[in-house]
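Asker: Build out the structure end to end from the sequences listed, making use of the hints.
The residues making up each chain are set out below.
Protein chains: 2
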Amino acid sequence: MKRYVNPKPSEWAKILSRPTQSFEAIEPVVREVFGKVESEGDTALKAYTQKFDGVNPTDFRVSEKEIAEATGRVSEGLKSAIKTARDNITKFHEAQRTNKVILETMPGVQCWQEKRPIQKVGLYIPGGSAPLFSTILMLAIPAKLAGCKEIILCSPPDEEGKLNPVILYTAQLCGVTKIFKIGGIQAIAGMTLGTETIPKVFKIFGPGNQYVTVAKQWATKMGIAIDMPAGPSELLVVADDTANPAFVASDLLSQAEHGADSQVVLISTSGALLDKVEKELENQLAALPRQEIARQAIAHSRMILVDNDNTALEIINEYGPEHYIVCVENEDFYIQNTANAGSVFIGNYTPESVGDYASGTNHTLPTNGYAKQYSGVNLDSFMKSMTFQKLSKKGIQNIGKSVELMAAAEGLQAHKNAVTLRLNELKG
Amino acid sequence: MKRYVNPKPSEWAKILSRPTQSFEAIEPVVREVFGKVESEGDTALKAYTQKFDGVNPTDFRVSEKEIAEATGRVSEGLKSAIKTARDNITKFHEAQRTNKVILETMPGVQCWQEKRPIQKVGLYIPGGSAPLFSTILMLAIPAKLAGCKEIILCSPPDEEGKLNPVILYTAQLCGVTKIFKIGGIQAIAGMTLGTETIPKVFKIFGPGNQYVTVAKQWATKMGIAIDMPAGPSELLVVADDTANPAFVASDLLSQAEHGADSQVVLISTSGALLDKVEKELENQLAALPRQEIARQAIAHSRMILVDNDNTALEIINEYGPEHYIVCVENEDFYIQNTANAGSVFIGNYTPESVGDYASGTNHTLPTNGYAKQYSGVNLDSFMKSMTFQKLSKKGIQNIGKSVELMAAAEGLQAHKNAVTLRLNELKG
Numbered sequence: 001m002k003r004y005v006n007p008k009p010s011e012w013a014k015i016l017s018r019p020t021q022s023f024e025a026i027e028p029v030v031r032e033v034f035g036k037v038e039s040e041g042d043t044a045l046k047a048y049t050q051k052f053d054g055v056n057p058t059d060f061r062v063s064e065k066e067i068a069e070a071t072g073r074v075s076e077g078l079k080s081a082i083k084t085a086r087d088n089i090t091k092f093h094e095a096q097r098t099n100k101v102i103l104e105t106m107p108g109v110q111c112w113q114e115k116r117p118i119q120k121v122g123l124y125i126p127g128g129s130a131p132l133f134s135t136i137l138m139l140a141i142p143a144k145l146a147g148c149k150e151i152i153l154c155s156p157p158d159e160e161g162k163l164n165p166v167i168l169y170t171a172q173l174c175g176v177t178k179i180f181k182i183g184g185i186q187a188i189a190g191m192t193l194g195t196e197t198i199p200k201v202f203k204i205f206g207p208g209n210q211y212v213t214v215a216k217q218w219a220t221k222m223g224i225a226i227d228m229p230a231g232p233s234e235l236l237v238v239a240d241d242t243a244n245p246a247f248v249a250s251d252l253l254s255q256a257e258h259g260a261d262s263q264v265v266l267i268s269t270s271g272a273l274l275d276k277v278e279k280e281l282e283n284q285l286a287a288l289p290r291q292e293i294a295r296q297a298i299a300h301s302r303m304i305l306v307d308n309d310n311t312a313l314e315i316i317n318e319y320g321p322e323h324y325i326v327c328v329e330n331e332d333f334y335i336q337n338t339a340n341a342g343s344v345f346i347g348n349y350t351p352e353s354v355g356d357y358a359s360g361t362n363h364t365l366p367t368n369g370y371a372k373q374y375s376g377v378n379l380d381s382f383m384k385s386m387t388f389q390k391l392s393k394k395g396i397q398n399i400g401k402s403v404e405l406m407a408a409a410e411g412l413q414a415h416k417n418a419v420t421l422r423l424n425e426l427k428g
Numbered sequence: 001m002k003r004y005v006n007p008k009p010s011e012w013a014k015i016l017s018r019p020t021q022s023f024e025a026i027e028p029v030v031r032e033v034f035g036k037v038e039s040e041g042d043t044a045l046k047a048y049t050q051k052f053d054g055v056n057p058t059d060f061r062v063s064e065k066e067i068a069e070a071t072g073r074v075s076e077g078l079k080s081a082i083k084t085a086r087d088n089i090t091k092f093h094e095a096q097r098t099n100k101v102i103l104e105t106m107p108g109v110q111c112w113q114e115k116r117p118i119q120k121v122g123l124y125i126p127g128g129s130a131p132l133f134s135t136i137l138m139l140a141i142p143a144k145l146a147g148c149k150e151i152i153l154c155s156p157p158d159e160e161g162k163l164n165p166v167i168l169y170t171a172q173l174c175g176v177t178k179i180f181k182i183g184g185i186q187a188i189a190g191m192t193l194g195t196e197t198i199p200k201v202f203k204i205f206g207p208g209n210q211y212v213t214v215a216k217q218w219a220t221k222m223g224i225a226i227d228m229p230a231g232p233s234e235l236l237v238v239a240d241d242t243a244n245p246a247f248v249a250s251d252l253l254s255q256a257e258h259g260a261d262s263q264v265v266l267i268s269t270s271g272a273l274l275d276k277v278e279k280e281l282e283n284q285l286a287a288l289p290r291q292e293i294a295r296q297a298i299a300h301s302r303m304i305l306v307d308n309d310n311t312a313l314e315i316i317n318e319y320g321p322e323h324y325i326v327c328v329e330n331e332d333f334y335i336q337n338t339a340n341a342g343s344v345f346i347g348n349y350t351p352e353s354v355g356d357y358a359s360g361t362n363h364t365l366p367t368n369g370y371a372k373q374y375s376g377v378n379l380d381s382f383m384k385s386m387t388f389q390k391l392s393k394k395g396i397q398n399i400g401k402s403v404e405l406m407a408a409a410e411g412l413q414a415h416k417n418a419v420t421l422r423l424n425e426l427k428g
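Order-wise, the sequence lines are chains A and B.
For the first sequence, the residue numbers in this note's numbering are 1 to 428.
For the second sequence, the residue numbers in this note's numbering are 1 to 428.
Hints listed in this document are in silico derivations from the structure and should not be mistaken for laboratory results.
Chain copies aren't distinguished; within one or between two, either way the pair holds.
Cut-off 25 Å, straight-line C-alpha distance, at most; resulting in silico cross-link-like pairs (BS3-like, lysine-lysine): (1) Lys144 - Lys100; (2) Lys200 - Lys221; (3) Lys115 - Lys91; (4) Lys276 - Lys427; (5) Lys149 - Lys91; (6) Lys8 - Lys120; (7) Lys200 - Lys46; (8) Lys14 - Lys200; (9) Lys144 - Lys115; (10) Lys115 - Lys100; (11) Lys394 - Lys79; (12) Lys14 - Lys36.
Answerer: Now the structure itself:
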């Protein structure tokens, strides 16, 4: 790992820079696919699935029979693990439910705020070598708890035109209402526009490659909401001599194995700790099946040695890490003063993996510094807040004059008049 | 107003259609301005302010002296009204504050969720004939309550290079930290990229014309969050024979005076009510200063007569109104079953104007049907949720096996290893 010792603040931005990618070149393809799906519906979906995935689907919708068969093909051990994760995620997200906020702001002026479910949501689960069923847990569980009526899931079919059994098992376990074997730009276009088979949804969630990322951004132009903008996954660890170097190394590697461009940063006030972690990295790397990927990621990863905790904190807040491990003696200092982070893992016995799978927190988190302004996925991501107000006669009499004055000052006479008419009637 | 009687569901989409506008033609200008502001900073801001607003600013930043002078130029009556509104808005948004969510999901697995302020936010307030100080109340008050450290405001200067005194008065009253005399695309570019004078912010709020709308969308491509996508303002009223026709007409007109393309819909199960409202509209229109605008909006507005409440409700949910007045005997039916609306105004004494200015609810609301998936601005709009977890030795022993199984099933050995190392140490 590349090591920096007390870098000057003017150098931080460069040291903390993420690999930025411009996807503008993909936009014309996305535009074309959306256009075709809008005009041709399922016919276009089939043509693109043939073209991009090399399979010729007879039916996008996964049948009840397929789901039932899948359940029998997942090992009991894995089922039990998934249920443990489901229980924890359910508890933690259910605890996030907020009550109706009711307030009489002035005598006779009753206001309240209520959250109601987004009626139709779409979940995208990428394909690839391994089935990302953990992301289904993270998206479908809060969607179901929120009360979304339609929870659809799209995932690209494998070479045989199928979805992995564990994907189907997890989806039905978590309350997904319809599963579709379709991926890529065409899946996002289908959920955005609606076709004969795929229902149009109001919000789309889930990770994906660059095509899916651009397609989701395109969908926002058409009035569809998305969970958050995407970027490569990342981990920042702050550790001192109380941290177990082998554990720290294992956490850095669990991030590094995601891809050669994975983002890993280790900050410490202890040079000795950095030395020990470096040695442990070498030991552990040798045993990893994804060693080559992890080695590339580690090669351009960064260790930063700083003089004191305040400097470490400033660097952390400038970075705004997606995953953030705090393994130091004075952990409260970091926990209380970190302004920007997605999910925080505290102490020697809290590896990032527990939050990736099963602790109960969500693993769909803001990358790329977006922790400065975006929340990770949570129960509220599947709801929207609505406000209500009801005034009594007394209420309009109490507030009326203020509204008249302000409306007049903004040059909106009809706004004023709506109040004046009511006040006059009450005088009469 | 155009009247529809029991339209078929297949016709609803057309009847409820909003004026859609494509702003793609504006994108090249936006791209150019952002590019120049990125490379030239303040110099570009000055050049564009000269070009688009016709004024040559010596200093964008409003001085303390200007603010002090402005305070003296706002009438005591208006100040008092603004303070009443501020108090109500403060109370209602403060009541939205949520507690930390803390939960032990399994023995030894402690998880919590906390909301922390977005550190830097930018508020955009449009210029034009009237000073929209009410929008400052709606954005700066929750920003301040949330704990945002930097709350900047940009608004275009008038012909003399100044901002209206009531804008300055309201901004300082509500805790805006810096005020800048700059508008349009260049203001949004400045807040997105940062210049010598304008700080870069993490999230941009506020309404604007089509240039500002496209610039805000452009900003999201650069990692900046925005409050919500924009569309023309709209009002839907559902009313029956218990509604006062004069009041209903005044509410429709207060929406109609916004612009010739304003969206107004009135739904009723009573033909008699529709007749009376139509007559009242004619009476009240004659007295309005913005009569011509309102008349155009009313001419293409829609009255829909339906057989029963269920049909009315279905139409309302398909529309998803920004502002929604419920003035019927069985108001509970509508309040409880409306899935999609921004802000709801209930009964004969609750005109939309009270929520526009002073009841306490926010007036920055989802238009264009976005109530289906977006919240109106609220306290949480200025915060982001972060999650935390801390496992004890017992905790990792309880959850470890499940995480190992799931990580292995997703093909992520290093994720598994981070758990295994810890479990092995605890066995030893």
